[in-house]
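Undergrad: Letter by letter, the chains look like this.
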Amino acid sequence: GNSVTQMEGPVTLSEEAFLTINCTYTATGYPSLFWYVQYPGEGLQLLLKATKADDKGSNKGFEATYRKETTSFHLEKGSVQVSDSAVYFCALSLIQGAQKLVFGQGTRLTINP
Amino acid sequence: DTEVTQTPKHLVMGMTNKKSLKCEQHMGHRAMYWYKQKAKKPPELMFVYSYEKLSINESVPSRFSPECPNSSLLNLHLHALQPEDSALYLCASRGTRGNEQFFGPGTRLTVL
Numbered sequence: 054g055n056s057v058t059q060m061e062g063p064v065t066l067s068e069e070a071f072l073t074i075n076c077t078y079t080a081t082g083y084p085s086l087f088w089y090v091q092y093p094g095e096g097l098q099l100l101l102k103a104t105k106a107d108d109k110g111s112n113k114g115f116e117a118t119y120r121k122e123t124t125s126f127h128l129e130k131g132s133v134q135v136s137d138s139a140v141y142f143c144a145l146s147l148i149q150g151a152q153k154l155v156f157g158q159g160t161r162l163t164i165n166p
Numbered sequence: 004d005t006e007v008t009q010t011p012k013h014l015v016m017g018m019t020n021k022k023s024l025k026c027e028q029h030m031g032h033r034a035m036y037w038y039k040q041k042a043k044k045p046p047e048l049m050f051v052y053s054y055e056k057l058s059i060n061e062s063v064p065s066r067f068s069p070e071c072p073n074s075s076l077l078n079l080h081l082h083a084l085q086p087e088d089s090a091l092y093l094c095a096s097r098g099t100r101g102n103e104q105f106f107g108p109g110t111r112l113t114v115l
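Quick note, the sequences are listed as chains A and B, same order. Our numbering puts the first sequence at residues 54 to 166. Our numbering puts the second sequence at residues 4 to 115.
The following block holds chain B by itself, in its conformation from the complex (with noise of 0.2 Å):
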């Protein structure tokens, strides 16, 4: 299994809702990230997961919270969203014998 899953594939919601986004890879990576993607620019760094643990928070607001609850699972938990957080979530995974990162098919969240 070389894939790296999102769920859900779209997802709509008003300011005051809390959602969930969804990562699965079961390649044994170790490693994980979330990327946030606008129209038209390159995917943003916004967390990294090594081992569990979160290693890196690119100054993410805190209506986003990053949770990994093992080792292939990554969610990102959505509250009090912005228009402006509207936009493509891409998961991302990485192996420890290359450094190349695997990516998943994405969210494409719209905040009304």
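So that you can see chain A by itself, here it is in the shape it has in the complex (with noise of 0.2 Å):
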């Protein structure tokens, strides 16, 4: 089947500290790989996506790589900011169907000043 599995938070780091989440994947066929960002008492954000081997997705100095070889699309920022404490979700979806997302559990990641 599919599935993904997310580093467990929670993550708390010092402003300006460099931050990875962990994310691996098992998929049946070739996905799409997206992280996504949900802040306090708000919906997801799509924070950015990779849809083949080698494709680095990036947006607002977070960078994720899809790695086919050991499966996984890590998500990096070399400098962290108090304003991106969320929840942060990584998230597969196949091309066939109703391309559903399958998503990981989530990490909490708390930045303090």
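There's no promise every hint is true.
[As the list claims (entries may be wrong)] Covered by chain A, per the in silico footprint, the following chain B stretches (three or more residues, Cβ under 8 Å):
hint	region
1	37-45
2	96-109
[Said to hold, decoys possible] The calculated lysine-lysine pairs, modelled on PhoX-like cross-linking and capped at a C-alpha distance of 20 Å, are:
hint	chain 1	residue 1	chain 2	residue 2
3	B	Lys-44	A	Lys-153
4	B	Lys-12	A	Lys-153
5	A	Lys-153	B	Lys-39
6	A	Lys-130	A	Lys-109
7	A	Lys-130	A	Lys-153
8	B	Lys-41	A	Lys-153
9	B	Lys-12	B	Lys-41
[Unchecked claim] So the derived label-pair ranges between C-beta atoms look like this:
hint	chain 1	residue 1	chain 2	residue 2	range
10	B	His-82	A	Pro-63	33 to 39 Å
11	B	Lys-43	A	Pro-166	33 to 39 Å
12	A	Gln-158	B	Arg-100	44 to 50 Å
13	A	Thr-58	B	Asn-60	37 to 43 Å
Hints were generated in silico from the structure; no laboratory data involved. Ideal placement from N, C-alpha and C gives every residue a C-beta, glycine not left out.
Mind docking these for me? Both chains are given alone in their own frames, and the hints should help you get the complex.
TA: Encoded structure:
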């Protein structure tokens, strides 16, 4: 089956620290990979995506590279800010059918000033 | 317009009430989704509409009744809900070019 495993949280960092949130996946086909972010009291926002192996998605200083050989899509940011505090979801979607999103469990990130 | 909007933002209802949640998008997307999200959990898929037809029902209880009146609108009709149905209900849409889904802000539902 298809599944996503995310680094368990919560994660607490100081401002300007380096961030890595690990994400690995299992998929029967060739998935597209996503990172969504959810700020308190809000819906999910698409942060970045990658649709094929070796693609790098990037947005707002965040990056993730689609690694087919390690089935991973780790999220990184070089210098986090207090405003990055949120819950981050890694997800995959297959091209076929209704293209359901399969989510990881989410990682709660707190950045302290 | 790249937004998915949802109304109301908050809803409190009793177990005997009938209410509806509304979702709207004007991006020309032809796939629309309802999700339920409990606290500290990822969203769980409930329904998928494709070209205004219900294509997936993830074994959702019949007290939840979806409706897609046109390509821009998605409703979720609620009747005789239970307190455990209290959650954040999210709507999403997907275009035909990419396979990313765009989410609305959600409706926070409390069932008393």
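Undergrad: Hint by hint, say whether it matches the structure.
TA: Comparing the hints with the structure gives:
no.	hint	in the structure
1	37-45	holds (count 3)
2	96-109	holds (count 10)
3	B:Lys-44 x A:Lys-153	holds, 17 Å
4	B:Lys-12 x A:Lys-153	violated, 25 Å
5	A:Lys-153 x B:Lys-39	holds, 14 Å
6	A:Lys-130 x A:Lys-109	holds, 13 Å
7	A:Lys-130 x A:Lys-153	violated, 27 Å
8	B:Lys-41 x A:Lys-153	holds, 19 Å
9	B:Lys-12 x B:Lys-41	holds, 16 Å
10	B:His-82 x A:Pro-63: 33 to 39 Å	holds, 37 Å
11	B:Lys-43 x A:Pro-166: 33 to 39 Å	violated, 24 Å
12	A:Gln-158 x B:Arg-100: 44 to 50 Å	violated, 29 Å
13	A:Thr-58 x B:Asn-60: 37 to 43 Å	violated, 27 Å
Figure legend: structure checked against the earlier numbered hints; hints not met, in rising order: 4, 7, 11, 12 and 13.
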